[in-house]
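Enquirer: Below, each chain spelled out in residue letters.
Number of protein chains: 2
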Amino acid sequence: MIDVCLLGTGGMMPLPNRYLTALMVRYNGKSFLIDCGEGTQIALKKSGWSPKPIDMICFTHYHADHISGLPGMLLTMGNAERTEPLLVVGPKGLERVVKALRTIAPELPFPIEYHEINSDSDQIIIPDMPEFKINAFKVNHNITCYGYSMQLDRIGKFNVEAAKANNIEQKYWNPLQKGEIIHTEDGRIFTPDMVLGEARKGIHLTYVTDTRPTDSIIKYAENSDLFICEGMYGEPEKLQKAKENKHMTMYEAAELAKKANVKEMWLTHYSPSLVNPKEYLPKVKDIFSKSIAAKDGRNITLKFEDE
Amino acid sequence: MIDVCLLGTGGMMPLPNRYLTALMVRYNGKSFLIDCGEGTQIALKKSGWSPKPIDMICFTHYHADHISGLPGMLLTMGNAERTEPLLVVGPKGLERVVKALRTIAPELPFPIEYHEINSDSDQIIIPDMPEFKINAFKVNHNITCYGYSMQLDRIGKFNVEAAKANNIEQKYWNPLQKGEIIHTEDGRIFTPDMVLGEARKGIHLTYVTDTRPTDSIIKYAENSDLFICEGMYGEPEKLQKAKENKHMTMYEAAELAKKANVKEMWLTHYSPSLVNPKEYLPKVKDIFSKSIAAKDGRNITLKFEDE
Numbered sequence: 006m007i008d009v010c011l012l013g014t015g016g017m018m019p020l021p022n023r024y025l026t027a028l029m030v031r032y033n034g035k036s037f038l039i040d041c042g043e044g045t046q047i048a049l050k051k052s053g054w055s056p057k058p059i060d061m062i063c064f065t066h067y068h069a070d071h072i073s074g075l076p077g078m079l080l081t082m083g084n085a086e087r088t089e090p091l092l093v094v095g096p097k098g099l100e101r102v103v104k105a106l107r108t109i110a111p112e113l114p115f116p117i118e119y120h121e122i123n124s125d126s127d128q129i130i131i132p133d134m135p136e137f138k139i140n141a142f143k144v145n146h147n148i149t150c151y152g153y154s155m156q157l158d159r160i161g162k163f164n165v166e167a168a169k170a171n172n173i174e175q176k177y178w179n180p181l182q183k184g185e186i187i188h189t190e191d192g193r194i195f196t197p198d199m200v201l202g203e204a205r206k207g208i209h210l211t212y213v214t215d216t217r218p219t220d221s222i223i224k225y226a227e228n229s230d231l232f233i234c235e236g237m238y239g240e241p242e243k244l245q246k247a248k249e250n251k252h253m254t255m256y257e258a259a260e261l262a263k264k265a266n267v268k269e270m271w272l273t274h275y276s277p278s279l280v281n282p283k284e285y286l287p288k289v290k291d292i293f294s295k296s297i298a299a300k301d302g303r304n305i306t307l308k309f310e311d312e
Numbered sequence: 006m007i008d009v010c011l012l013g014t015g016g017m018m019p020l021p022n023r024y025l026t027a028l029m030v031r032y033n034g035k036s037f038l039i040d041c042g043e044g045t046q047i048a049l050k051k052s053g054w055s056p057k058p059i060d061m062i063c064f065t066h067y068h069a070d071h072i073s074g075l076p077g078m079l080l081t082m083g084n085a086e087r088t089e090p091l092l093v094v095g096p097k098g099l100e101r102v103v104k105a106l107r108t109i110a111p112e113l114p115f116p117i118e119y120h121e122i123n124s125d126s127d128q129i130i131i132p133d134m135p136e137f138k139i140n141a142f143k144v145n146h147n148i149t150c151y152g153y154s155m156q157l158d159r160i161g162k163f164n165v166e167a168a169k170a171n172n173i174e175q176k177y178w179n180p181l182q183k184g185e186i187i188h189t190e191d192g193r194i195f196t197p198d199m200v201l202g203e204a205r206k207g208i209h210l211t212y213v214t215d216t217r218p219t220d221s222i223i224k225y226a227e228n229s230d231l232f233i234c235e236g237m238y239g240e241p242e243k244l245q246k247a248k249e250n251k252h253m254t255m256y257e258a259a260e261l262a263k264k265a266n267v268k269e270m271w272l273t274h275y276s277p278s279l280v281n282p283k284e285y286l287p288k289v290k291d292i293f294s295k296s297i298a299a300k301d302g303r304n305i306t307l308k309f310e311d312e
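As you go down the protein sequences, you meet chains A and B in turn.
Reminder that position 128 of the first sequence reads as 133 in the working numbering, one-by-one numbering, no gaps.
Reminder that position 25 of the second sequence reads as 30 in the working numbering, one-by-one numbering, no gaps.
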């Protein structure tokens, strides 16, 4: 299972009751943050989650509302006496931008590692966590910007009959179930597929903000359990403004959700001019019924289907 | 009169109900901000004041909790379609630090001017506002740090008898009262002191944070109407920690207030570990009775004595 918390839902500037859009994801003792704007650490504190175990921060792009909270977050992680390395992921220029911001946070008790994305898509692998994959894919904003899709794979059911038919001793069953390949002392080789049924449906989460609708979004969001997408404007007449500023209306987000056949969509990254995002929801639901106008701190635990 | 709003009262990191310490001052249509940490723009929005007319931002020092909100504040000022230049003031390295932070806020519709402080004290003059003086004075933190003292002068009362005795025509009274020197067509010279009584008591406001107690603070805060001072720790046993981290306890702040003979002191810049600053106030008041444990958004209008 994956815990998800949408820390904020604002775009452009933080407001008294609306922090900037950022997503915290927790899986198997590790935490991942997407974007870190001004105030994200306050929103995180409000959520009750800790900044200390953040293993990775992914940046969609380097507009201030998505990264300005980084120096403060780093210092707060440092004050929590973290020593483990932090992986930061983002578009071209990552090290330059992070180092510039660290002018005001030069001393940290933990190292920072960089994963720069230099192509239209990229996969980030977390050590010792092969079942959890993070895909970055290019979207269409006025500077280079990526969406992120997280996929937790689920192996097939353990098949006792198959294990027995393959003459695999019981002591190997558990390691095989965990994905290990077994080389026995007498030279036999057992692989997980010998004891496992077909891979079952995993968990799929997609996060997209600051972009026009793109085919890449539909591709990477396809069949997501949760699709978190910007809905900068609710007023239908702001479509032109959305096009000019390379953002989306809520209706465009709903069209993407429908095309990508996701289970549920949370709208976020509202324009500061959008006082009550819910006002526009009925018409959004006409396009995609499982649409939610998320508020700060909205969270869910995404579970495997029969969990 | 001067409007004063202490936007936040936190130190180190912003908390859900305590923004970072920053001060907004408004005088005669102009606004001045001292420090701009993560979330200061949210606190400003909460206060109901506008970021657009900020003419000057003074930085005490370049620790993240005092400057990390700058990129966001600049962008918000830009979004408000400000075009007037902004003056930024701060210790050595000012341009380097501001430019580094502007990596994520490169495009602004207004120019930034720099006033770097390079000596133990400095005076900042606002154009067309000679009666309002801002003094920066070095304090004692673990990096170069300044306190700021604002002084609004008040001219003496207009003395009709003196004006008449000096044979000054009535049309010159108003310009003289405004501080102008008059050269008449027939070669006479009139100066303001010919029509004004002795200068009256003005308004004096002093802001000090991130420092051990210093003589410079006593000197510049002397007789202040309002003395805003860090009180990082309330627990008396944290004196040693205060010394190590180059901060102050509330009791040390009260001693300064007493020695500087100020009218009132507001404590601020509380440690995140300090949940209820008021708890320690009785003992602080034993040292200096006019002490207040300020909360976010505390504001006052400082008036001339008989206004």
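Take these hints with a grain of salt, some might be off.
Put simply, identical chains are the same to the list, so a pair is met inside one copy or across any two.
Claimed, not checked - Keeping only pairs whose Cα atoms sit at most 30 Å apart, straight-line, the calculated DSSO-like set for lysine-lysine is:
1) K290 / K97
2) K50 / K246
3) K300 / K264
4) K243 / K57
5) K283 / K50
6) K290 / K35
7) K51 / K300
8) K51 / K246
Everything labelled a hint here was simulated from the structure, so no lab data went into it.
Enquirer: Confirm or reject each hint.
Expert: Hints versus structure:
Proximity of K290 to K97 under the C-alpha cut-off of 30 Å is found in neither arrangement, the shortest distances being 37 Å within a copy and 56 Å between copies. When the C-alpha separation of K50 and K246 is checked against a cutoff of 30 Å, the pair qualifies only between copies, where the shortest distance is 25 Å, while the shortest distance within a copy is 34 Å. Taking identical chains as interchangeable, the C-alpha atoms of K300 and K264 lie at most 30 Å apart only when both belong to the same chain, with a minimum of 24 Å there against 50 Å between chains. When the C-alpha separation of K243 and K57 is checked against a cutoff of 30 Å, the pair qualifies only between copies, where the shortest distance is 25 Å, while the shortest distance within a copy is 40 Å.
Taking the shortest alpha-carbon separations for K283 and K50, both the intra-copy value of 25 Å and the inter-copy value of 23 Å come in at or below 30 Å. Proximity of K290 and K35 under a CA criterion of 30 Å is satisfied in neither setting, with 34 Å inside one chain copy and 47 Å between copies. Proximity of K51 to K300 under the C-alpha cut-off of 30 Å is found in both arrangements, the shortest distances being 13 Å within a copy and 19 Å between copies. Taking the shortest alpha-carbon separations for K51 and K246, only the inter-copy value of 28 Å comes in at or below 30 Å, while the best intra-copy value is 33 Å.
In summary, the numbered hints that this structure violates are 1 and 6.
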